[in-house]
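Trainee: Read off the chains here:
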Amino acid sequence: MRPFTYVRAETLPGALDSARTDNTMFLAGGTELLNWARIGIETPSRLVDIGRLPELHEITPTEDGGLRIGALARLNDVAQDARVETAYPVFSQAILKAASAQLRNLATIGGNPVQRVRCPYFRSNGPVACNKRVPGSGCAALHGANSERFAIFGWTEDCVAVQPSDPAVALACLDAEIITEHGDGGRRIPATEFHTLPDVDPAAHNVLRPGELITGIELGAPAPRSAYVKVRERQSYEYALVSAAAAVEVTDGVISRARVALGSVALRPWRLYDAEAALVGLTPGSPEVRDAVTSGFSAARPLSSNAYKIPLARNTALRALELALEA
Amino acid sequence: MPDESPTPEITVTLQVNGAQSQVTCDVRTTLLDLLRERLRLTGAKKGCNRGECGACTVHLDGRRVNACLVLAASADGREVTTVEGLATDGELHPVQRAFIEADAFQCGFCTPGQIMSAVCCIREGHTGSNEEIREWMSGNICRCSAYPQIAAAVEAAAAATASDAAPVSASDEAPAGASGRTPASTDGRPPAPTPATVTASATGKRR
Amino acid sequence: MSGTYGITRQDGPAKVTGAATYAADYNAEGQLYAVLVGSSVTAGRVTGYDTAEAEAEPGVVHVLTGLPTVHEAFAGLPSPPLATRFLPMQNDEIHYWGQPVAMVLADSLEAAEGAATRVRVSYDRQPFVNPDTALAVTPSPDSGYGMLDAHEFRKGDAAGALAGSPVRASGTYTQPSRHGNPMEPSAILAEWHDGRLTVHDSVQHVYAVRDTLAAVFGLASDKVRVINPHTGGGFGTKAFIWPHEILASQAAKAVDRPVKLVLTRQDMYSIVGYQPLMEHRVELGANESGELQAIVHEVDNVTALTDDYVEFGSAPSKALYDVPNISTSQRVRRGNVNLSSFMRSPIDGPGTWALGSAMDELAHTLSVDPLTLRLTNYAEVSPADGTPWSSKKLREAYEEGARRFGWWDRPKGGTRDGHWLIGCGMADCTQGQFRFTSNARVRLRADGSVKVEAGYTDIGAGSTTIFPQIAAQTLGLDIRSVQGVSGDSELPYAGPTYGSGTTIAMGTAVHLAAGDVLRRLADVMSWPAEEVRADDGALTWRDHRRPYADILRAARLDEVIGDGAMVLPNGASADAGAPGMSTRTFGAMFIEVGVDPDLGLLRLRRATGVYSVGAVVNERTARSQMIGGLVWGWGMAAMEASHFEPNLGRWLSQDLAGVPLPVNADIPPHIDMSFVDEFDPHVGPLGAKGVGELSATGIAAAVANAVFDATGRRVRDLPITPEKLLDPRM
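Protein sequences appear in the order of chains S, L and V.
Note that the numbering used here has the first sequence beginning at 2, numbered continuously upward.
Note that the numbering used here has the second sequence beginning at 3, numbered continuously upward.
Note that the numbering used here has the third sequence beginning at 19, numbered continuously upward.
Okay, chain S solo, but in the shape it has when bound (with noise of 0.2 angstroms):
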């Protein structure tokens, strides 16, 4: 790693104003910003530790009957929590299905929807084209071996790469906010529109600004029926090829809600909005179902070697879904 140097935060205020500096970045639980800057990903002159600011580490009901995490509270910390358990069970799943055991007792609920793509162009150690390493540069993905990892979403030929983040999933499909605080103010962000598409930056990864810090995630109604699926070559300690969250409401027998979302296949968990739409008022179990899930996929656009993902992400969502209707 090049130099920098370190600043513990004793309070947030501080934190937010160290941040003021150029090059500085936020250390919480360091399960990414290490590796950044040791394959030169990032060059901070800079870092402010955050792990010790006494606030953020907690998991408290807000008012209207949801949940708000402080950003500090360790994945595994989140994920079985009892309320998080029994309300957010897709959230809890996609938690538990991410990194190891280790990775999420260091990681944070608040770091880790700033993780970057797992693109190996992005993360290779030597010089490579790839607009979010050297804006500018090219996509050495879009014409190399781009099977698995890459888009069938969202993408265009300036960055083909998609966001790896589980719980990124879930707190889209529940229609999470992602809070921040910044020496200029906050704001919410909803999780679905947190990460960046490459038709409006493709060297940015998300919309957080240069001394933003996230500090909470608010969850709001439960979703007790919800469930996450996980598509991946070893069955454990692997991001996905697909990933899919589902959360559904049945009333009188009949889909009344359902929420779907998709990793992997984008820059940004993706929402099935379209079939989201067309899955109300189906049975579960019936033919429909597949029908309504595959219309979410009319716009999807395969790269010249992972057209299969295709079938495998509807694949996916309807299992999530059909876990969601069991649960």
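Take every hint as true, because none was put in to throw you off.
Partial list, derived from the structure: chain L residues whose beta carbon lies under 10 angstroms from chain V:
1. V85
2. G110
3. C146
4. P150
Quick caveat, the hints were computed from the structure, so don't treat them as lab data.
Bear in mind that the values here come from a model prediction, so they are computed numbers and not experimental data.
Just so it is clear, CB atoms sit at the ideal spot from N, CA and C, and this is done for glycine as well.
With chain S's structure known, arrange chains L and V on it following the hints.
Mentor: Just chains L and V now, with coordinates in the frame of chain S:
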């Protein structure tokens, strides 16, 4: 006032295996390299330096973590336990004994990390079934691949420390049988893991 | 000599407490940490360096951009065990991406790593050759690797017999390059004192390293010492001497300070070897009864431009089945990549993948059971040359394996279990066998303790247990009084820990050395050496019995030293088994998988392996080896691949996230491994052959065959990933 280090060095004070250590080191130093290169506690191993293998697993304030992903600076003032700190008064820890009995290692390089992980896996209560153990130990890669023996060692050690740990189900090792039928596990589920089904045991409900 | 399940690993306490030391755990006074800078072009020349920024970093002591020319003795070194004759940092040539072009030496690892990113190298970049798609050519006759077997083999007229066969099966079977990725990255600490070089190095044969390094510097071998009590996984990656070991030793001499070089996981892709991408073309011809008439097996493997590594994947086709006509052929595809090499299990691992799949396809064409087809074509003698087997109980292994697995009552392929389709497959396991000359010394002390001394290495197979165990058994002592002293080139010469030859070679040497101790004790007692026996710490002859301690005390001896050696016919340093016979290990692997066709998932449900390996010295460690090999084979079948990116000219992913290896959750507890009761009287007094690599053969074919059984899809291109299993219909 933020605790600022304008030079490339920092002085870190930590409890390592019950003893206080103070080291001045490069700010970039990870906890792993502090342990190995400065304190000469070489039990924790560097397998990948990216958090992709678990060979560097140690306990930080009692929780298992990848030491290669922790800056020594972040660990200042905290408690670290390494494999060298497990045995007490020359007596092996039950997990260490179980690993020997189950032949749960070969080259031994991943073993300290496996053991540190296993100690916490048991303490966390993630030993309710063979499947749960294997899932919660998957953060430690073994290339000699002693996986079934590792799972057996964790199960045995969990039983040996049963008063604090989660109850362990009867062994999943049903005989294959001449009939060729797929052996059923004792909790009634088929032995093949279904990735889409997150069972109660796999989520590891904490006690 | 009987095996015993009860003996636990003698290095257990050291390994579970972190006391066992590996190369990177060592340190030397005044050492410098080394970090290599690798070429960022695939082919061409270095035209210049700018090291000013790097050298200005605090803590950096040297930035080396070249190293002294090696001694002329280097050119005379045999390769293998020198891995490659091309040594980086001797000139400006670039032959592969990641080739070391500079070395940063600093007081701390952090300083060296940080400075390495500041070294600027300029290149004259040239077009590179992609080895995956290069033209296949005959291996060079000068290749040391190529001398291990015949490039072309003919028995009878395979082409003609094939044409005349009423039933045929053929296919092209491919496997990608795969890296061994032992958990311990290669590491070396090199120190010079008074013209002598001492290295702590992560290796599989300390003597080859000693002799290679000696030649690099034009020294006699006794001026170099290699110390390595434990290696954190070898798998062939550490079998030969790779450039980094030479560079570190040269650097230590050049800067006159100890140099500690620990390869990064990234370096492990581009600086040491891997099993090459291979394309197998297999054609089988049989009559309507299923009796093979012809086997044709052609193999192409990738290699570097600088050396020809030949992967004799065609070998099992000359070894497994009774067939009158055989034709095999080996070619290489040379390209700009680091050199491929032996990796567990070389030769037979790849070969059984292709042949085992082809046999299954033939069985399907014939509508016969795959196991029946094997029994029909059982080879009572070596198919290659008609020599008798030194031992073979494969029939018993088939029978026992089928019984334990329930093969004849297995579920019908494609049976549903929830979302899963169940499938079962079987395949042959086999591995060729080497024997290496080896020596051992056994010291019996007056206090009853025993030391076994030899320079073998511990890569996890159990050497630190087996050899003390053999000495203990020969001397009639409890193993707890026997200590193994190993991993040092100053100890009696041991053969390498690869080629599945360690147990035979070193085991024989230890057994004979312990026997030599008994002989010497007999001499002290004036008893006839050939009539004495060891019994529970005492020497017996007829009705006489004297405890060892008494014998030594009465003779006023502190210790008795015995020497033993595995001597091979004609003074050879290595051979492939007893002369005039063929020596191989065999096994039968039965696997049940589940395939989820909607999600493309492939998961292992259970596996049964039964093996014919001669005597089993320690069942506990042997069983663990077989399980380890199964998992190795699962990785080969289901997930592993190192992709050479065709535009960038380098490995696409050089870490453990982009290249999946099996994790604990992949492997169910239902793994049943056992051995046929057998003793091979021809390989050595122990009657034992090797098991470590046999265990990783046959797996990929059994898995692919099981996948076919489950889904009707025949996958001929590894790994078997979701893309290949998914039902693609929308």
